[in-house]
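Here's the letter readout for the chains.
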Amino acid sequence: MSDTDISLPGPTTPPPLRRLATRLFTTLLLFWLMLNGSLSPATLVTGVIVAGLIAMVFARDLSFLSGFNLTPAGIGAAFLFIGYFLKELVKANLALARLVLTPSLPIAPAIVKVRTKLTDPVGRLLLANAITLTPGTLTCEIKGDHLYIHWVVAKDTDHEVATQEIVAGFEHYLEKMYG
Amino acid sequence: MILSGFLDTLGALVLLGGTLFLALGGLGLVRMPDVYNRIQAGTKATTLGTLLVLLGAALISPAWSVKLLLIMLFLMFTNPLSSQVLARAAHRAGVAPVASKDALADDAEDLA
Amino acid sequence: MADLLLSLAALIAAVAFGLAAWRFIKGPRATDRVVAFDALTIISVTGIVLAALITGRSIYLDVALVYALLSFLGVITAARYLEGGEE
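If you read the protein sequences in the order shown, they are chains Y, Z and P. Take the first sequence: its position 165, counted from the start at 1, is 165 in my numbering, and no numbers get skipped. Every position in the second sequence, counted from 1, becomes a number in my numbering once 1000 is added. Every position in the third sequence, counted from 1, becomes a number in my numbering once 2000 is added.
Worth flagging that the hints you see were computed from the coordinates, not collected in a lab. Heads up, a few of these hints could be off.
Listed next, the in silico DSBU-like pairs over lysine-lysine satisfying Cα-Cα at most 35 angstroms (straight line) [unchecked claim]: (1) 143/Y / 155/Y; (2) 1101/Z / 176/Y; (3) 143/Y / 91/Y; (4) 117/Y / 91/Y; (5) 2026/P / 143/Y; (6) 155/Y / 1101/Z; (7) 91/Y / 1101/Z; (8) 176/Y / 87/Y; (9) 87/Y / 1101/Z; (10) 155/Y / 117/Y; (11) 2026/P / 1101/Z; (12) 2026/P / 91/Y; (13) 87/Y / 143/Y; (14) 155/Y / 87/Y; (15) 143/Y / 117/Y; (16) 1101/Z / 117/Y; (17) 2026/P / 155/Y; (18) 91/Y / 176/Y.
A short list of chain Y residues far from chain Z (calculated; beta carbon distances all over 12 angstroms) [unchecked claim]: (19) 25; (20) 42; (21) 49; (22) 50; (23) 54; (24) 76; (25) 80; (26) 143; (27) 169; (28) 175.
Not everything, but these chain Z residues come out facing chain P in the computed CB check (under 7 angstroms) [as the list claims (entries may be wrong)]: (29) 1029; (30) 1085; (31) 1092.
If you're wondering where the values come from, they're calculated on a predicted model, not measured in any experiment. Where a beta carbon is used, it is the ideal one built from N, C-alpha and C, also for glycine.
With the hints as extra help, turn the sequences into a complete structure.
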C-alpha cells in the first residue's frame, strides 16, 4: 500500500518501535476477531500468536494507526471525519446521478494541482481516498506536497482556490488525527 | 415479529437503493467521454451502492453485521485506492484527458 | 414484500452489470476495460451478498470478502502493467 512515488519528509523523531508493534498487533487482532465473529479459545489463541508474529516482523512498516494521534481530540476528530466523509459521499453520488441523467452531460473537466499540509503518509492516503470519493474529484498523482486532482466540473483551475475548495474540508480533521 | 418484518422491508429498501446507485454508476461508465470521467462515475457510485447493499443486508440479517461491517471497511479503503492507481496508470500511459487544463501534464513538461 | 424487493434489487444489479459489461467489451483502450472490470467485480460483490441473503448462508460473505480482496489485487496488478510495470 505504501508507494515509492510518495516522497516523504523524514520523520524528525521516529515513534518507539514498541508502540508501533502494539498498535499493529491490536489492529490485526481486532480484524481477526471480526472476521471470525467468535471469541472461542482456539480463535483467540491463534489470533494472538499470528498477530504477534506479524507485529514483530512488520512493526517498522506502515499501518493504520502508526502515526495516529491517539488522544481524545484525535479520536473525536476521527468520528467527525467519518461523518463528514459519509455526508460528502452521498452528496457526490447525488451530484453524479444528476449529471449522468442529464441528456446533455454538462461536464467541464480539468486536472488541477492542490497542496496539502499533511506530512503523515497514512494521513495523506486517507486524504487522497476521501478526495476520490467526494463530489466530482479524483486523485491522479501525488508528488511531494502536491496532489493532482481530476475535477469533473472544475469551478476554478487556480491552485489556491482549488486547494481551498477540495482539500481544506478534510484536512481540517486529518490534521488533528495525524498531526 | 412485526419488528423483524419492518426491518426486513427497510433493509430490502436500502439494498434496492444501493443497486440503483450501482446502475447509475454503470450508466456513467457508458456515457462519460474519457477514462478519467468514467473512473469518477464508476468509483463513487459503486462505493456508495455497495455500502448501501451491505447496510441493507445487515438490517435483514443482524447476526451478520460484524462481517458485513468488515467488508464495508475494506471496500471503503480499497475502492478509491484502485481508482487512483488506475487514473495514475492512465495518465502515465499517456491517455490525454478531455479537459480544459491538465496541470499534471504541464508540470511533467516543465520537469522534462 | 421483502422478497419481491430483493428480486427487484437483483434485477437492477443485473442492469448495472450489463452496463459495465458494455464498457468492458467496447473499450476502446485497455484502461477503459480495466476500469469496467473493477466496476464489474464490485457489482459482483453485491450479487454474492444477495446470494447469501436468499440462501441464508453466511459462508457466502467470506466468499464476498475474499473475492473483493483478490479483485483489488488484480486491478492493482493490471494498473501496474498498464503504466509500464518496471517496478
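Each hint, compared with the structure:
{"no.": "1", "hint": "143/Y / 155/Y", "result": "holds (23 angstroms)"}
{"no.": "2", "hint": "1101/Z / 176/Y", "result": "holds (33 angstroms)"}
{"no.": "3", "hint": "143/Y / 91/Y", "result": "holds (28 angstroms)"}
{"no.": "4", "hint": "117/Y / 91/Y", "result": "holds (25 angstroms)"}
{"no.": "5", "hint": "2026/P / 143/Y", "result": "holds (33 angstroms)"}
{"no.": "6", "hint": "155/Y / 1101/Z", "result": "holds (12 angstroms)"}
{"no.": "7", "hint": "91/Y / 1101/Z", "result": "holds (25 angstroms)"}
{"no.": "8", "hint": "176/Y / 87/Y", "result": "holds (19 angstroms)"}
{"no.": "9", "hint": "87/Y / 1101/Z", "result": "holds (29 angstroms)"}
{"no.": "10", "hint": "155/Y / 117/Y", "result": "holds (22 angstroms)"}
{"no.": "11", "hint": "2026/P / 1101/Z", "result": "holds (27 angstroms)"}
{"no.": "12", "hint": "2026/P / 91/Y", "result": "holds (30 angstroms)"}
{"no.": "13", "hint": "87/Y / 143/Y", "result": "holds (28 angstroms)"}
{"no.": "14", "hint": "155/Y / 87/Y", "result": "holds (21 angstroms)"}
{"no.": "15", "hint": "143/Y / 117/Y", "result": "holds (13 angstroms)"}
{"no.": "16", "hint": "1101/Z / 117/Y", "result": "holds (24 angstroms)"}
{"no.": "17", "hint": "2026/P / 155/Y", "result": "holds (31 angstroms)"}
{"no.": "18", "hint": "91/Y / 176/Y", "result": "holds (24 angstroms)"}
{"no.": "19", "hint": "25", "result": "holds (18 angstroms)"}
{"no.": "20", "hint": "42", "result": "holds (18 angstroms)"}
{"no.": "21", "hint": "49", "result": "holds (21 angstroms)"}
{"no.": "22", "hint": "50", "result": "holds (17 angstroms)"}
{"no.": "23", "hint": "54", "result": "holds (18 angstroms)"}
{"no.": "24", "hint": "76", "result": "holds (20 angstroms)"}
{"no.": "25", "hint": "80", "result": "holds (16 angstroms)"}
{"no.": "26", "hint": "143", "result": "violated (8 angstroms)"}
{"no.": "27", "hint": "169", "result": "holds (16 angstroms)"}
{"no.": "28", "hint": "175", "result": "holds (20 angstroms)"}
{"no.": "29", "hint": "1029", "result": "holds (4 angstroms)"}
{"no.": "30", "hint": "1085", "result": "holds (4 angstroms)"}
{"no.": "31", "hint": "1092", "result": "holds (4 angstroms)"}
Against the hints set out earlier in the document, a violation occurs for number 26 only.
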